[in-house]
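Using the sequences and the hints, build the whole thing.
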Amino acid sequence: MSLIEKTATELVSLLNKGEVTSRELTEAFCDRIAEVEGKVKALLYHDRDGALAQAEAVDLSRKSGKPVGKLAGLPIIVKDILCTKGEPTTCASRMLENFKAPYDAHVISLLQNASSVRIARANMDEFAMGSSCENSAFQKTRNPWNLDCVPGGSSGGSAACIAAKEAPLSLGTDTGGSIRQPAGLCGIVGLKPTYGRVSRFGLVAYASSLDQIGPMARTVEDAALLLEVISGHDERDSTCANLPVPEYSKICRAPKKGLRVGVVTDYFGEGLDPEVEAAVREAVRVLESQGAKIVEVRLPTSKYAIPTYYMVATAEASSNLARYDGVHYGYRAKEYSDLIDMYKKTRGEGFGAEVKRRIMLGTLALSAGRRDAFYVKALQVRRLLRNDYDKAFESCDVVLGPTSPSAAFKIGEKSDDPVAMYLSDIYTVATNLAGLPGLSIPCGFTKSGLPIGLQLQGPAFAEETLLQAGYLYQQATDWHTKTPSL
Amino acid sequence: MATTYEIIIGLEVHVQLMTESKLFCSDGTKFGEPPNTLVSPVSIGMPGVLPVMNRRALELAIKAGLALGCQISRFTKWDRKHYFYPDLPKAYQISQYDIPLATEGLVTYDVNGEEKKCRLIRVHLEEDAGKNLHAEGGGDSLVDLNRAGMPLIEVVSYPDIRRPEEAAAYLETIRTLMRDLDVSDCEMQEGSLRCDANINLHITKDGNVYKTPIVEVKNLNSIKSVEKSLIYEASRQFEQWQKDGKVLGQMPKQTRGWDDARGITRSQREKEEEADYRYFPEPDLVPVVIDDALIERIRGEFGETSAQRKKRYIEELGLNDYNASVLIDKGRAISDYFEALLTHEVDAKSAANWLINDVLSHAEGRIKVMSDLPIMPGSLAELIKLVKGNKLNLNDAREKVLPEMIETGRDAASIVDEKGLGVVLDTAAIDAIVDAVLADNAKIVEDIKSGKGKALGALVGQVMKRSQGKFPPAIVNETLNKRLGL
Numbered sequence: 001m002s003l004i005e006k007t008a009t010e011l012v013s014l015l016n017k018g019e020v021t022s023r024e025l026t027e028a029f030c031d032r033i034a035e036v037e038g039k040v041k042a043l044l045y046h047d048r049d050g051a052l053a054q055a056e057a058v059d060l061s062r063k064s065g066k067p068v069g070k071l072a073g074l075p076i077i078v079k080d081i082l083c084t085k086g087e088p089t090t091c092a093s094r095m096l097e098n099f100k101a102p103y104d105a106h107v108i109s110l111l112q113n114a115s116s117v118r119i120a121r122a123n124m125d126e127f128a129m130g131s132s133c134e135n136s137a138f139q140k141t142r143n144p145w146n147l148d149c150v151p152g153g154s155s156g157g158s159a160a161c162i163a164a165k166e167a168p169l170s171l172g173t174d175t176g177g178s179i180r181q182p183a184g185l186c187g188i189v190g191l192k193p194t195y196g197r198v199s200r201f202g203l204v205a206y207a208s209s210l211d212q213i214g215p216m217a218r219t220v221e222d223a224a225l226l227l228e229v230i231s232g233h234d235e236r237d238s239t240c241a242n243l244p245v246p247e248y249s250k251i252c253r254a255p256k257k258g259l260r261v262g263v264v265t266d267y268f269g270e271g272l273d274p275e276v277e278a279a280v281r282e283a284v285r286v287l288e289s290q291g292a293k294i295v296e297v298r299l300p301t302s303k304y305a306i307p308t309y310y311m312v313a314t315a316e317a318s319s320n321l322a323r324y325d326g327v328h329y330g331y332r333a334k335e336y337s338d339l340i341d342m343y344k345k346t347r348g349e350g351f352g353a354e355v356k357r358r359i360m361l362g363t364l365a366l367s368a369g370r371r372d373a374f375y376v377k378a379l380q381v382r383r384l385l386r387n388d389y390d391k392a393f394e395s396c397d398v399v400l401g402p403t404s405p406s407a408a409f410k411i412g413e414k415s416d417d418p419v420a421m422y423l424s425d426i427y428t429v430a431t432n433l434a435g436l437p438g439l440s441i442p443c444g445f446t447k448s449g450l451p452i453g454l455q456l457q458g459p460a461f462a463e464e465t466l467l468q469a470g471y472l473y474q475q476a477t478d479w480h481t482k483t484p485s486l
Numbered sequence: 001m002a003t004t005y006e007i008i009i010g011l012e013v014h015v016q017l018m019t020e021s022k023l024f025c026s027d028g029t030k031f032g033e034p035p036n037t038l039v040s041p042v043s044i045g046m047p048g049v050l051p052v053m054n055r056r057a058l059e060l061a062i063k064a065g066l067a068l069g070c071q072i073s074r075f076t077k078w079d080r081k082h083y084f085y086p087d088l089p090k091a092y093q094i095s096q097y098d099i100p101l102a103t104e105g106l107v108t109y110d111v112n113g114e115e116k117k118c119r120l121i122r123v124h125l126e127e128d129a130g131k132n133l134h135a136e137g138g139g140d141s142l143v144d145l146n147r148a149g150m151p152l153i154e155v156v157s158y159p160d161i162r163r164p165e166e167a168a169a170y171l172e173t174i175r176t177l178m179r180d181l182d183v184s185d186c187e188m189q190e191g192s193l194r195c196d197a198n199i200n201l202h203i204t205k206d207g208n209v210y211k212t213p214i215v216e217v218k219n220l221n222s223i224k225s226v227e228k229s230l231i232y233e234a235s236r237q238f239e240q241w242q243k244d245g246k247v248l249g250q251m252p253k254q255t256r257g258w259d260d261a262r263g264i265t266r267s268q269r270e271k272e273e274e275a276d277y278r279y280f281p282e283p284d285l286v287p288v289v290i291d292d293a294l295i296e297r298i299r300g301e302f303g304e305t306s307a308q309r310k311k312r313y314i315e316e317l318g319l320n321d322y323n324a325s326v327l328i329d330k331g332r333a334i335s336d337y338f339e340a341l342l343t344h345e346v347d348a349k350s351a352a353n354w355l356i357n358d359v360l361s362h363a364e365g366r367i368k369v370m371s372d373l374p375i376m377p378g379s380l381a382e383l384i385k386l387v388k389g390n391k392l393n394l395n396d397a398r399e400k401v402l403p404e405m406i407e408t409g410r411d412a413a414s415i416v417d418e419k420g421l422g423v424v425l426d427t428a429a430i431d432a433i434v435d436a437v438l439a440d441n442a443k444i445v446e447d448i449k450s451g452k453g454k455a456l457g458a459l460v461g462q463v464m465k466r467s468q469g470k471f472p473p474a475i476v477n478e479t480l481n482k483r484l485g486l
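For the protein sequence lines, the chains are A and B, in the order given.
All residue numbers for the first sequence refer to the numbering used here, where the first residue is 1 and numbers rise by one.
All residue numbers for the second sequence refer to the numbering used here, where the first residue is 1 and numbers rise by one.
Among these hints, one or two may not hold up.
Computed far set for chain A versus chain B, every beta-carbon distance over 10 Å [stated by the list, open to error]:
| no. | residue |
| --- | --- |
| 1 | ALA53 |
| 2 | GLU235 |
| 3 | ASP237 |
| 4 | GLU413 |
| 5 | LEU423 |
Computed beta-carbon distance windows for the label pairs [as the list claims (entries may be wrong)]:
| no. | chain 1 | residue 1 | chain 2 | residue 2 | range |
| --- | --- | --- | --- | --- | --- |
| 6 | B | ASP182 | A | LEU60 | 50 to 60 Å |
| 7 | A | LYS334 | B | LEU133 | 18 to 28 Å |
| 8 | A | VAL376 | B | GLU316 | 52 to 62 Å |
| 9 | B | LYS253 | A | ARG383 | 30 to 40 Å |
Calculated from the structure, these hints are not laboratory results.
It should be emphasised that the depicted structure is a prediction, and the values quoted were computed from it without experimental measurement.
Ideal Cβ placement from N, Cα and C applies to all residues, glycine included.
Set out below in structure tokens:
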């Protein structure tokens, strides 16, 4: 088995035993990038020499007996929305095409402290707005299982690069499903942590009350390892929880006795692809056979989750993206007649269509006379959604359902129909509105060979339980070991 | 029947808090630094950065709220106020919308011995914007972000003020209070105290009341200009009403700028449409909970107010009303200096006289801190004690020693030595000169002995002259009296 086939956990063990150097490993993944990136197009930036230099530094530390972090010299790819000193942070937008952040995001510093090797930056939907990666201003990422299909989004690059084995680990961000949906569509593991589990400092904001950074990997164990590295308090983010970080990578392997799994009946209705439904129902049987207790639960407000999400998220986005005005940094229109004209042309030329659509939606939702009917109402529904979850978790430890209503769709299939596109996040947006953790793991394939994702959601700060349930499932299945042929 | 009018005035006062760092980041707050040197990714509003509340700013704002007689909210929060302008890098200002920090205050102030009261609607905390600098002769405008993010409180009054001079007195009272409590230095020239005035008239004619449209007067750079602009604006509104008869509601609210040089207000813009700031709760900050313990601790920080200090000077230190008033009215730095003099064992009356008559005349311009005075309290105390101890003549001290101390910064003793101004206490030398003078002035001695006591002064003068003024007058008097058996 070649190095790139191995899981992150296996590779860390090899690195720590000295059976492979970080440089050898980094070279292997860089070679893989050279081999498949032309087909997958998952990456916006890849610096092989820079990566090798980082790897050599880790090897040197290890050789000279200095402490080496938990990621032990493992290559990693980060979504191009995480500010990294000296590297472009474009958010896949013309607006920030030439922007280099003068500071590191908190998670970037943590990755550095953990001795990981950043080898590339992943493509995404512009400013994390989208579900297919088609909204990138620069390129369309392909699904490694079928190059005519989308990888999902917005963290489509971060998902596709794992499925294509360009790296063992990646970071994505999830505002309404942007980690879980592409993880599901690409047949990998993606975890959206509880709001406040991971510092957002240096994550370019889309919707501040919903955004979270999370791990993407091939196995639950690997995702747990990366979550352990990036979690924890950061005084630069006032919304970041000051709670101890459990040893997720160990805890996930400890069996959760008497795990109660709540099957969300509301998810199995209109719009759900029968092949996806069958795979998810089969996953329920697998968990039951592993000793889990299965119950049925309701999340009745979830039918309002999509419109609620598109009020809250776009309202915040219209505010967060107001700063891209061409004055202080980023793109500025070449020709303009006065200040207002400069604003109009800069924003008109710098943003793509979906970003503009959401800015307009959000501006409307917050405008005088409409604020109560749209924004304030959405906040009320948000509270009801959270109440639904609280009630559901009275009778179970995790709730279960599909990650997405269907497997990966064709590139271009939904790009002219925003509502159809929005509906691909129908099972994921409520998690963010409630601030809860969610995990997507592969649970099968369609007849045409596309991966299907299973979603588990848990109470706030119950990442351990999600990881234990996911690990339990992966012990009994081998979907996560399947690889696309590229 | 006569036409009369009443002037209705409400003030919005911005006070910049004296903190070491800005409201939401660690940038410094010093006034007058080179442009764009007190900035950071947070104050520039770069992608991905997050605000963190400055606790000291919150405490100072609570202190101000308490001093202004307000109710302090036990739960308060932050909101974003949106508008596009180059000096506002995020395109929103973090402010407080529906739950201000403090509400319903009361300011009691004095106008020509008459006590007045003005109620306050609210006091809230917010961040300042930067400054646009427009180059002379056109060309590009430049932006200085040193001020962006500075902590401000906005103090909004009810329209309780009835005369322009009351507005000035109200503002002076707020300024003194804020300075007394070390909340702000309140320098209108530097922008750490700013005031906008809302004014209209209630005109009574033939038993009917006509209310003129409200005008907001801006660009008020001194307390004097607040008063002058309101006097002007009241008569302008009256004349305008006589011309067009327009009343409140028939015209949009108008903003007029005060032109200090020409002594007029000029229309800046008419608020046809109330600006839509699209307020919504700031998702990057958590709400602020203020408990009784914090409020009590802040109450404990309250020092002596100016009014209390003046009372003590008169009643306990025995200063006359004039001296006490000068020490208080010239500002906190002066009375602090006076307090410092007292710690050097100088009696209060001498200290007040020296400070007022001799030191202040040398301190030109504004005095904000004690160190703005030309001589340190310890040095001045030393000089006063030399005079009190008969070691230096008062005139020499005033005319020869103090100016030299101010000019060179040297101490009194060394100047006295160098100039040979030290008063000699050689009793033999005094006796010798006294004897010589008595011998040379037999006629005068006889006059004195025969009861013409007034002639003694002439003998004292001669002794002083012969000793070149080095003998303490009191000792010379005593010696003469003894010799003449008086």
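Status of each hint after checking the structure:
1. No Cβ of chain B comes within 10 Å of the Cβ of A/ALA53; the nearest lies about 25 Å off, and the non-interface call holds.
2. A Cβ of chain B approaches the Cβ of A/GLU235 within 10 Å, the least distance being about 7 Å, so the stated non-interface status is violated.
3. Look at A/ASP237: its CB is around 5 Å from the nearest CB on chain B, not clear of 10 Å, so calling it non-interface is violated.
4. Distance check on A/GLU413: its Cβ is at least 31 Å (rounded) from any Cβ of chain B, clearing the 10 Å threshold; non-interface status holds.
5. Interface exclusion of A/LEU423 from chain B stands, the closest Cβ pair being 25 Å apart, more than 10 Å.
6. About 53 Å separates the C-beta atoms of B/ASP182 and A/LEU60, a value consistent with the hinted range of 50 to 60 Å.
7. Here the CB-CB span from A/LYS334 to B/LEU133 is close to 24 Å, well matched to the stated 18 to 28 Å.
8. Taking 52 to 62 Å as the suggested C-beta distance range, the pair A/VAL376 and B/GLU316 conforms, at roughly 58 Å.
9. Here the CB-CB span from B/LYS253 to A/ARG383 is close to 37 Å, well matched to the stated 30 to 40 Å.
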